[in-house]
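Peer 1: Below are the chains, spelled out letter by letter.
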Amino acid sequence: MELTAPCVILLDPAALESELAGVLAAAEELLPGARVTRGDGWAAVPLGDGVRPIASEPFERLPSVRRLVQVAVPYRLASRELFEQDMPVEVALHEDGLPERETVILGGGAPLGVIVSSRWASANDARFELLAPLLREAGCRVYHAGQMATAPYRDASSEPTVEALARLRDIAHANGLALCVEVSDASQIPAATDVADLLQVGSRNMQDFSLLRDMGRSRHPVILRRGAGATVEEFLLAAEYVLLHGNGKVILCESGIRTFDALRKPRFEINAIPLIKQLSHLPLVADPSQTAPHAGTVPAMAKAAVAAGADGIVIEVGTEAVYDPDGVAIDIEAMRRLMSELRPIARAVGRPVGMPETEEAALPLDPAAVLRTTDRTLAQTIESITGAPPHLEVVSQWRLSPPVAWLSPPLSHDGEVLARCTSYRMGSVRLSRNLSYVDLGQIDPTLAALLEATHLNLGQLFVDPRIEKLEFEFGTHETAGEIDDVFRQCFPDEVAALQPYVWRRYRAAIGGVVMFVVIEALPVPVWERILDRGTDLALTKGSSR
Amino acid sequence: MSSELVETRVSQVGVSVAGVPIGRGHPVRVIAGPCSVEGPAQFREAALAVAAAGAVLLRGGAFKPRTSPYSFQGLGERGLAIMREVADELEMGVVTEAMSADEVILVAGYADMIQIGARNMDNRALLEAAAASGRPILLKRGVTSTVDEVLAAAEFIVVRGNDQVVICERGSRTFEPSTRNSVDIAAVPEINLRSDLPVVVDPSHGTGRRDLVTPVALAAIAAGADGVMVEVHPEPGAALSDGSQSLEAARFGGFMGRVRGMALAVGRSV
Numbered sequence: 000m001e002l003t004a005p006c007v008i009l010l011d012p013a014a015l016e017s018e019l020a021g022v023l024a025a026a027e028e029l030l031p032g033a034r035v036t037r038g039d040g041w042a043a044v045p046l047g048d049g050v051r052p053i054a055s056e057p058f059e060r061l062p063s064v065r066r067l068v069q070v071a072v073p074y075r076l077a078s079r080e081l082f083e084q085d086m087p088v089e090v091a092l093h094e095d096g097l098p099e100r101e102t103v104i105l106g107g108g109a110p111l112g113v114i115v116s117s118r119w120a121s122a123n124d125a126r127f128e129l130l131a132p133l134l135r136e137a138g139c140r141v142y143h144a145g146q147m148a149t150a151p152y153r154d155a156s157s158e159p160t161v162e163a164l165a166r167l168r169d170i171a172h173a174n175g176l177a178l179c180v181e182v183s184d185a186s187q188i189p190a191a192t193d194v195a196d197l198l199q200v201g202s203r204n205m206q207d208f209s210l211l212r213d214m215g216r217s218r219h220p221v222i223l224r225r226g227a228g229a230t231v232e233e234f235l236l237a238a239e240y241v242l243l244h245g246n247g248k249v250i251l252c253e254s255g256i257r258t259f260d261a262l263r264k265p266r267f268e269i270n271a272i273p274l275i276k277q278l279s280h281l282p283l284v285a286d287p288s289q290t291a292p293h294a295g296t297v298p299a300m301a302k303a304a305v306a307a308g309a310d311g312i313v314i315e316v317g318t319e320a321v322y323d324p325d326g327v328a329i330d331i332e333a334m335r336r337l338m339s340e341l342r343p344i345a346r347a348v349g350r351p352v353g354m355p356e357t358e359e360a361a362l363p364l365d366p367a368a369v370l371r372t373t374d375r376t377l378a379q380t381i382e383s384i385t386g387a388p389p390h391l392e393v394v395s396q397w398r399l400s401p402p403v404a405w406l407s408p409p410l411s412h413d414g415e416v417l418a419r420c421t422s423y424r425m426g427s428v429r430l431s432r433n434l435s436y437v438d439l440g441q442i443d444p445t446l447a448a449l450l451e452a453t454h455l456n457l458g459q460l461f462v463d464p465r466i467e468k469l470e471f472e473f474g475t476h477e478t479a480g481e482i483d484d485v486f487r488q489c490f491p492d493e494v495a496a497l498q499p500y501v502w503r504r505y506r507a508a509i510g511g512v513v514m515f516v517v518i519e520a521l522p523v524p525v526w527e528r529i530l531d532r533g534t535d536l537a538l539t540k541g542s543s544r
Numbered sequence: 000m001s002s003e004l005v006e007t008r009v010s011q012v013g014v015s016v017a018g019v020p021i022g023r024g025h026p027v028r029v030i031a032g033p034c035s036v037e038g039p040a041q042f043r044e045a046a047l048a049v050a051a052a053g054a055v056l057l058r059g060g061a062f063k064p065r066t067s068p069y070s071f072q073g074l075g076e077r078g079l080a081i082m083r084e085v086a087d088e089l090e091m092g093v094v095t096e097a098m099s100a101d102e103v104i105l106v107a108g109y110a111d112m113i114q115i116g117a118r119n120m121d122n123r124a125l126l127e128a129a130a131a132s133g134r135p136i137l138l139k140r141g142v143t144s145t146v147d148e149v150l151a152a153a154e155f156i157v158v159r160g161n162d163q164v165v166i167c168e169r170g171s172r173t174f175e176p177s178t179r180n181s182v183d184i185a186a187v188p189e190i191n192l193r194s195d196l197p198v199v200v201d202p203s204h205g206t207g208r209r210d211l212v213t214p215v216a217l218a219a220i221a222a223g224a225d226g227v228m229v230e231v232h233p234e235p236g237a238a239l240s241d242g243s244q245s246l247e248a249a250r251f252g253g254f255m256g257r258v259r260g261m262a263l264a265v266g267r268s269v
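So the sequence lines, in the order shown, correspond to chains A and B. Heads up: the first sequence begins at 0 in numbering that gives the first Met the number 0, then just goes up one per residue. Heads up: the second sequence begins at 0 in numbering that gives the first Met the number 0, then just goes up one per residue.
The hints are simulated quantities; they were obtained by calculation from the structure and are not laboratory data. Hints are supplied without guarantee of correctness; some may be wrong.
Stated by the list, open to error - Here are the simulated DMTMM-like cross-link-like pairs (lysine to aspartate or glutamate), alpha carbons at most 20 Å apart as the crow flies:
id: 1; chain 1: A; residue 1: K468; chain 2: A; residue 2: D374
id: 2; chain 1: A; residue 1: K264; chain 2: B; residue 2: D147
id: 3; chain 1: A; residue 1: K468; chain 2: A; residue 2: D443
id: 4; chain 1: A; residue 1: K264; chain 2: B; residue 2: D121
id: 5; chain 1: A; residue 1: K264; chain 2: A; residue 2: D323
id: 6; chain 1: A; residue 1: K264; chain 2: A; residue 2: D325
id: 7; chain 1: A; residue 1: K264; chain 2: B; residue 2: E88
Said to hold, decoys possible - Label-pair distances were calculated between CB atoms; the ranges are:
id: 8; chain 1: A; residue 1: E56; chain 2: B; residue 2: F174; range: 38 to 46 Å
id: 9; chain 1: A; residue 1: V403; chain 2: B; residue 2: D87; range: 40 to 48 Å
id: 10; chain 1: A; residue 1: R465; chain 2: B; residue 2: E88; range: 51 to 59 Å
id: 11; chain 1: B; residue 1: Y69; chain 2: A; residue 2: G40; range: 50 to 58 Å
id: 12; chain 1: A; residue 1: R60; chain 2: B; residue 2: A40; range: 58 to 66 Å
We put the CB at the ideal spot given by N, CA and C, even for glycine.
This is chain B alone, in the form it adopts within the complex (with noise of 0.2 Å):
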């Protein structure tokens, strides 16, 4: 692929979920929930923390895309109900993924922001679905994608009318085996200096450990990222999928302590 096919042609105003806008000129959001909704009271009660610690959006899987299928494959639409009616409760937009074309329209009724995860990053029936929900849509890179082909993607929903894209540095697939991958940090100020499209980082997919969240996240604020979304459980070690990446909901307010300081220390705020 040539990469003049994929300088992307968007500029434009920002990108709002729920009212709130995201990208240069904005504070540094922060994405947080659970990996997945287990239930009403996990995700309340993981939803309530990262509220009172100060994210501006929540996040949850109701369709899970897991390796093996027979890993918890999520709560389908009762998910969706759930994340909605907490999301309401606490005034903040929800982000989730739908993994297949059919599945947009359902997750456009209940979410503000819809995902493309990492592994359907070229499913372009998906994308196409998508950008026609004209909700603002959360593009994960593939796990082997480059940051070309990422643009490019992003490129695809653009040109169906949908300029509400916010792309995500989820890491790639390396071999390393103390990690589960390996966040592109340079892709930040890349695809910075050749798009107007917002970036945010996803440490705990990027790292695969809680261990490693806090200092990838302000790694990606200091780089320029207009957000971060993470994984946070109410009870990490019980949790039915990520948990070992997962942030204790109990000390989330410590970790947006410490991204509160690295936003300050690039001139923007949270």
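Bound conformation, chain A alone (with noise of 0.2 Å):
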């Protein structure tokens, strides 16, 4: 077949360079200077100059080669029509001397990448060894040490020499942050590499050429940010330039543009982000930081970003207005309040936040799989899953002296348990039968009250981040012992319409004390139904809090 459109050979990625050498012959005589560009979990060559037809059977004979692709934008690698789903980047933590330790993936449907910055941190290693592990617990993976350039008028001092930038390396390390640092000039990468995990092409230096040509050939992942005046087309080929010299680790930035508001930051373009990821595979991070009016936008700035589809985001940390000029940084009790705020925002656009083993991305299947969605309340997941939340109705409520034996351990010994029995309804539907036994013995007697006079619930307990649920136990009805007999109780009218069901428990505690047991029962029937219909129920029966 001739193909008339540039193409991009695509390569077995586990082929070595020597398996490759027929496939760069042949491509050099129609692109000279072909060379291959290594990604992440693929390999390619560009091919041919987009007007001489090209023969496809010669190379797709070749051994190593998978298929040709055919382009019909100018940024070939980048380009979303060569590989339809995201691509990761995988970042090293490299060290002199020591195999490589762990790795940080941006991009390619991971959780979400946050690259924080902090001249504050950088400008002092103490602040930083207390800075990086709050850090990390808020689930940044990346850190950003600033320029290695030094910029004219600028205290030079801000800038961190190889030396400063080696420590901040040991300690983001230690606490398992990729440290990455900007690069003006091709004579800086070197040292830049030697120190850091991953490099930064800063939006000045986006259309400089030759930086990018050296970018290419280094084998470091590379954050390139879009030029304040760049349309997503230049951007898009300045990063072609870095991939087509070879190193196809390239993450883009989007870092805003220059709008007739000269008094403001470059705009954060927002609609970049859906732009920019329908136009190309390679992961795409937002700084809103750099572009906000003040430090009080960005955390709504960066939601939006995460809305609107980036892979990441990059956020300006410190306290002080001294290493603040641009007064955009927010501090790290700030940031911790953003990262939760994200989760959910991140979940409503299927993607994860912070670490993956701990997210559940996907819908649940059945109903077993809903209890076992951990992390949120019931009352979460059923407002994820039908867009509306439920209505808690409590239906009998009780105090008991002892308590009861079977929640084994039982809560204390001597006290009174307040118990409840209560349901989740949509309309007139019956979502769940939930059981709750609350220790008077521990819980605050406001709260018990306010819980007695049915102005509290449970799940609002569940805002306080020091409750731990713990010890959570999944079952059948028939599996159910005396939870059974309890139901039976308290729903005697409705003992058919409850089976089958699926149950779970847990307790939750405050610093190892147990303050209640929980037991949430789904009806099997009712719960399929939810599941094959999605919102629908939401919908039709409407719901009130």
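Two chains, two frames, some hints: make the complex.
Peer 2: The structure is reproduced here in structure tokens:
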């Protein structure tokens, strides 16, 4: 077959350079200077100039060639036409003389990539020692140490030396963070690759083509920031320079464009986020900090970026104005708050936040899986599935003393227990039957009184970040034992409708002291209908909190 | 202009359109409908689709500020009557644009909320007439206006005794050729911090592309917008205006599902 559009040969990424010599020799005839670009999980060679037609068969017969892809847009290797799915970039945490210890993945459907910079912490190792574990805990995986370049009229001491960078790198690695540094001149690349795990090309250098070529020859991942006057196509073509020269590990960073509003920072271009995600398979992060009118708007802009589909965000963290001349740094508390607010937003767009193993991005498929979504309360899970919060009905409550033995281990031996039988409803449909046993010896008396007066429910107590959920147990109505007896007492008219059901039991504790035990049961037929029909129930029945 | 001049003095109970409160503490409101009212059948079909999916206010244009004088200019009063009839049938409020001060009384006779278009943000006579109508006002930020300037324009209405003003971020002109405008998402938290007036975002004009409307609408909600205004047409390919940025009416339910999910994620309902 004759191909007329520009092409890319997709290669077997496991092929060795020596095995690819034949491909390169053939490609060289059609595009001088052909070389293999290696990304994570892919390898490719652009082919042809888009003018002369290419006979595809000779290439397709070469060993290690997977297929030829015609690409209609000028940025061939960056294009979504090459890969339909998002491709990841792996950042290895390098250290002199040590094998790679850990890998951070950006893009490719990985958890939200959180990159933090802090002039405040970069200026002083002791501060960074304090900050780094907090950043890691908040979900940050990359620390941006600033730029190696020295800008005129700027305090050169605010830009870390190679020695200082090495110390920052050691602290970052000890906390599982990758280190990034900005390079503005090719002469800095060797020193930068020695200390940093990834390199950045700043927006002012986006079209410094010789720097881009040299970045392409590096094996380090490169964050490329969009120039303030660059169109999306120019931005992707700049990325193509790095890719074409061999480095497939490019991460795009939307960092604002200049508009008529010269008094403000470059405009954070939200439209560009879904647009670039549509055009390219490369990871895309967004920097709300450098584009924020002031620090107060940073969290909202970060949330917007994630909602619009960004693979990551870049946030400036700091506390002292002297290190924050633009007034855009947020403190670590605000950063932590932002991360907890980003979590549901990321979920709403189908992206996990933080560590992948603690995340469940997909919708549960059956009632038992609903119960196994243990990082949310049942009410939150219902809300995420049906699109509306359920209504909590308190069916009955009573005090018990001594507490029920089968709760093993039982709640306090000498105190009273408040037992509650409740139900989550959507309209007239009962979605769950819940039992809870609250240890009145452990819980604050005011909270207990509010609970008993039904001014408060246990779901609201879960907002307290100190509460831990422990010892989840799961079962079906056949294994429910005493639980089934209590349900039959609480819902005497509904025994038939109750079965079959699945249940879970867990304990909620603060500092190891169990405050209450919760048992939740979902009637299987009702839940199969909900999971089958998605949000219909919420739309037709209405609901109230 | 000094920014002290435009620190808004407004601190009020909120804006309410046809009994629907808009603003902080209220659900995210979706205002939807076709760019232009082209006839009773087209408007009714779009309105039924958006009402069924849960939008609370209808939009539609009867007086159209078109770039070219040869483009469809709108049905005028006939368009207003069509909107009113359908809105009454569905028990919804309707938002539509008045382009000049002399049109305001006519438009106010049919509409629950008067839109001041981006091209007219600085039309003082129009702002004054709209303020005097007593109707709630949807004030669109001009394509080359700053946040200070749109707050000043809102203040112009408020000081004339009408505090029922909603600011609409609908994007500005930039050099980027692949989108019609660029939504200034930072304006949403900035206006939220500086003013009590509700802010809505129009991702249809803000992007000019149907494929970008949903993600930018979600971004607006995540950034704290009190609502989104989107163009919906039964057959976008045949629309007399803005077809390329209109969502297809048949798919509007899917858009609302995404909006609902994002509203929940930021602790609001729809």
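Peer 1: Against this structure, judge whether each hint is valid.
Peer 2: How the hints compare with the structure:
1. At most 20 Å may separate the alpha-carbon atoms for a hinted pair to count; K468 of chain A and D374 of chain A meet this at roughly 9 Å.
2. Restraint check for K264 of chain A and D147 of chain B: satisfied, since their Cα atoms lie roughly 14 Å apart, inside the 20 Å limit.
3. Only pairs whose Cα atoms come within 20 Å are accepted, and K468 of chain A paired with D443 of chain A is accepted, the gap being roughly 18 Å.
4. The suggested pairing of K264 of chain A with D121 of chain B is violated, with an alpha-carbon distance near 24 Å, which exceeds 20 Å.
5. With a C-alpha separation of about 14 Å, the suggested pairing of K264 of chain A with D323 of chain A holds against the 20 Å cut-off.
6. Our distance criterion of 20 Å between C-alpha atoms is met by K264 of chain A and D325 of chain A, whose separation comes to about 9 Å.
7. For the hint linking K264 of chain A to E88 of chain B, the alpha-carbon distance of about 47 Å lies beyond 20 Å, and the restraint is violated.
8. Checked against the given bound of 38 to 46 Å, the beta carbons of E56 of chain A and F174 of chain B, roughly 44 Å apart, stay inside it.
9. A hinted range of 40 to 48 Å for the beta carbons of V403 of chain A and D87 of chain B is inconsistent with their spacing of about 59 Å.
10. Between R465 of chain A and E88 of chain B the beta carbons are some 53 Å apart, a value that agrees with the proposed interval 51 to 59 Å.
11. Separated by about 53 Å at the C-beta atoms, Y69 of chain B and G40 of chain A satisfy the suggested range of 50 to 58 Å.
12. For R60 of chain A paired with A40 of chain B, a C-beta distance near 59 Å keeps the hint of 58 to 66 Å intact.
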